[in-house]
Amino acid sequence: MDWRDQAIVLSVKSHGENGAIVALLTQEHGRQAGMVRGAHSIKQRGVLLPGNRVWASWRARLAEHLGALRCELVSAHAAQALDDPARLAALSSACALTLIALPEHQPLPALFGALTALLDALPHPSWPSVYVHWELALLRGLGYGLDLTTCAATGVNDGLAYVSPKSGRAVSLSAGEPYADKLLPLPRFLAEGGEGAPADITNGLTLTGYFLDRHVLSAHGLSFPPARERLVERVRGLSPTIP
Amino acid sequence: MAGAEIEALIQLLARLPGLGPRSARRAALHLLDKRETLMSPLAQALSTAATSIKACTVCGNFDTVEPCAICQDRARDDSILCIVSDVASLWALERAQGYRGRYHVLGGLLSALDGIGPADLGVDDLVSRVQAGAIREVILATPATVDGQTTAHYIADRLSGLDVSVSGLAHGVPVGGELDYLDDGTINAALKARRGL
Numbered sequence: 000m001d002w003r004d005q006a007i008v009l010s011v012k013s014h015g016e017n018g019a020i021v022a023l024l025t026q027e028h029g030r031q032a033g034m035v036r037g038a039h040s041i042k043q044r045g046v047l048l049p050g051n052r053v054w055a056s057w058r059a060r061l062a063e064h065l066g067a068l069r070c071e072l073v074s075a076h077a078a079q080a081l082d083d084p085a086r087l088a089a090l091s092s093a094c095a096l097t098l099i100a101l102p103e104h105q106p107l108p109a110l111f112g113a114l115t116a117l118l119d120a121l122p123h124p125s126w127p128s129v130y131v132h133w134e135l136a137l138l139r140g141l142g143y144g145l146d147l148t149t150c151a152a153t154g155v156n157d158g159l160a161y162v163s164p165k166s167g168r169a170v171s172l173s174a175g176e177p178y179a180d181k182l183l184p185l186p187r188f189l190a191e192g193g194e195g196a197p198a199d200i201t202n203g204l205t206l207t208g209y210f211l212d213r214h215v216l217s218a219h220g221l222s223f224p225p226a227r228e229r230l231v232e233r234v235r236g237l238s239p240t241i242p
Numbered sequence: 000m001a002g003a004e005i006e007a008l009i010q011l012l013a014r015l016p017g018l019g020p021r022s023a024r025r026a027a028l029h030l031l032d033k034r035e036t037l038m039s040p041l042a043q044a045l046s047t048a049a050t051s052i053k054a055c056t057v058c059g060n061f062d063t064v065e066p067c068a069i070c071q072d073r074a075r076d077d078s079i080l081c082i083v084s085d086v087a088s089l090w091a092l093e094r095a096q097g098y099r100g101r102y103h104v105l106g107g108l109l110s111a112l113d114g115i116g117p118a119d120l121g122v123d124d125l126v127s128r129v130q131a132g133a134i135r136e137v138i139l140a141t142p143a144t145v146d147g148q149t150t151a152h153y154i155a156d157r158l159s160g161l162d163v164s165v166s167g168l169a170h171g172v173p174v175g176g177e178l179d180y181l182d183d184g185t186i187n188a189a190l191k192a193r194r195g196l
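Going down the list, the sequences are from chains F and S. With numbering that gives the first Met the number 0, letter number 118 in the first sequence gets 117, and the count goes up by one each step, no holes. With numbering that gives the first Met the number 0, letter number 187 in the second sequence gets 186, and the count goes up by one each step, no holes.
Worth flagging that the hints you see were computed from the coordinates, not collected in a lab. It is possible that some hints are incorrect.
[What the hints assert, rightly or not] Stretch-level coverage of chain F by chain S, calculated; a stretch enters the list once three of its residues show a Cβ under 8 Å from a Cβ in chain S:
1) 48-59
2) 135-148
3) 170-180
4) 194-207
[Unchecked claim] Derived lysine-lysine pairs resembling DSS-like cross-links, with alpha carbons at most 30 Å apart:
5) 12(F) with 53(S)
6) 165(F) with 181(F)
7) 33(S) with 12(F)
8) 42(F) with 191(S)
Yeah, the Cβ is synthetic: ideal placement off N, Cα and C, and Gly gets one too.
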């Protein structure tokens, strides 16, 4: 058994003296893991960092085996984010959530594309909005997509301001006002496009966080990875003009 | 094939870094051959080290004295504190002989995978040390990895309210390094950290 595919490094766990068990999200083979020999060598150290995009070659006798993995660097996303605590938290959070939320060996090319888009967007000022969109894409990819196009009560697609925590559907301002305390605020940039202000990003993370927790994490006895909690704290601390 | 005692010796040696079962067997045979000149002094040294070497309660370095020789050295600069992830990093900085301040060994890095949080690294103790002492600058010398820099940013945040300047090690082209052999990430980091000449 062998395959070669584009992949994003999700985690690297040391194994023995020189080896590491590396988890990847591949384009066509889903989430995979393999053993990389010489993972701590000078050549491989900068390659095997979470968030980096690589060409991965995997080989094993049976598909269920851990297999031997070789990785060549395509894009060093991790190195670009190392100096910026907020971007680094976003990268770590995305990798950690992908690692715990996605099943192994299931091809999920849409989620690979979404994670690639997020990593490509990290150097740009709009990255916080892209991150929230990525969490929505994660929910969608796992079958828990939110319907933020029309009001669940009236059917209108204007003035959407809330999301029902029960159905995951948008609710307009007029229809939702009497139940505002029970509904989740819908940031304008998710309904109308564009970029969100820091307060909108925080609301966006609260929205996606609620559904990720309900459908993906709590259902399996899991909790948010510390990296996402750090990201929420970082986003709360961002200045009105995000760098 | 070999007696239980020899097998036990081989198995213990095989646990050492760099040694597998085959090389452990060779090492065991070598030790048995050089019983008087090597095995007995080694056993004595191991026994002495096991009982007398302790982690310094001030900085976390290994030494036979408490506090360690570095913490006791009056010639060192008390106003600079270098934070490292482990004792190996401390020894690397000491080998380089470019730093004459004090150290703080974290004993690991923040890692969600390994379940290591701020409490496991004794960050509160570090903040107390910085608050209590005459420290004016903190150098975060954690590895240039995602976990290393996440830890550095976390500590920088925790120290942000205190009257200390916080700096981190530069990332870039190693001495003697050629650009052609460097990975893209290192080259980008070096470009970002470029300086006027």
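Here is what the structure says about each hint:
1. 48-59: Held - the region 48-59 of chain F has 4 residues with a Cβ nearer than 8 Å to chain S, which meets the minimum of three.
2. 135-148: Our answer is that it is violated, as 0 residues pass the Cβ test (under 8 Å) against chain S, missing three.
3. 170-180: violated (count 0)
4. 194-207: violated (count 0)
5. 12(F) with 53(S): holds, 28 Å
6. 165(F) with 181(F): holds, 10 Å
7. 33(S) with 12(F): With a Cα-Cα distance of about 39 Å, the restraint between residue 33(S) and residue 12(F) is violated, given a limit of 30 Å.
8. 42(F) with 191(S): holds, 21 Å
Checked against the numbered hints above, the structure breaks hints 2, 3, 4 and 7 and satisfies the rest.
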